[in-house]
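K.L.:
Work out the full structure: start from the sequences and follow the hints.
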Amino acid sequence: KAGVTQTPRYLIKTRGQQVTLSCSPISGHRSVSWYQQTPGQGLQFLFEYFSETQRNKGNFPGRFSGRQFSNSRSEMNVSTLELGDSALYLCASSFQGHTGELFFGEGSRLTVL
Amino acid sequence: QQQVKQSPQSLIVQKGGISIINCAYENTAFDYFPWYQQFPGKGPALLIAIRPDVSEKKEGRFTISFNKSAKQFSLHIMDSQPGDSATYFCAAYITGTASKLTFGTGTRLQVTL
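Residue numbers (my numbering), protein chains in the order written: chain A, 29 to 141; chain B, 31 to 143.
Check before you lean on any hint, since a few could be wrong.
Calculated cross-link-like contacts (lysine-lysine; reagent style DSS-like; alpha-carbon spacing at most 25 Å) [claimed, not checked]: (1) B:K130 x A:K85; (2) B:K88 x B:K101; (3) B:K98 x B:K35; (4) B:K98 x B:K130; (5) B:K45 x B:K98; (6) A:K41 x B:K72; (7) B:K98 x B:K87; (8) A:K85 x B:K35.
The hints are simulated quantities; they were obtained by calculation from the structure and are not laboratory data.
P.N.:
Here's what the structure looks like:
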């Protein structure tokens, strides 16, 4: 069974731009969550989607948004990029999302210049 | 507010030794405590997890010890091997809260020959 796939793996943007990251969950998994990983703040929860609905959201500004499609694939978007948005963005999937057992992708490393 | 505190930040252990990583939590509503292992360039992977109704769980060389009254839990890696060199994250979760894990800050473990 294929794992969680994230694209792109690496990207460089400049301040003020926007970025869209994509995540394909493990086949059969309906819950997709997103985490931001930085050296200073560690792993922080962004949001979680299940059946195309956002079920939970972390403490991030409205510049961070996401969506989920009917095939469970998910995208997250960051608008008006700031230097502090440089991070590894991790997508995780689970069957239904209520167990705490997550399967992570390898992440998309975003650098904002 | 850091709800899960993890120590030490880094750890060097000789091959064959015991690696011990400690975590403490504040919110008594947490009811699932997983440990994730992350290798460079990879996403975190679930290693072992415990619920507060047991005091210890062992899987191979990995053991979680849990002290509910002290709100502390720890990971013990017996007979540590160079292949165990990775960053370890403890986490805490409230069942039903839609994949929102609260992670510790991580421990970088290096196992030397």
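K.L.:
Looking at the structure, which of the earlier hints fail to hold?
P.N.:
5
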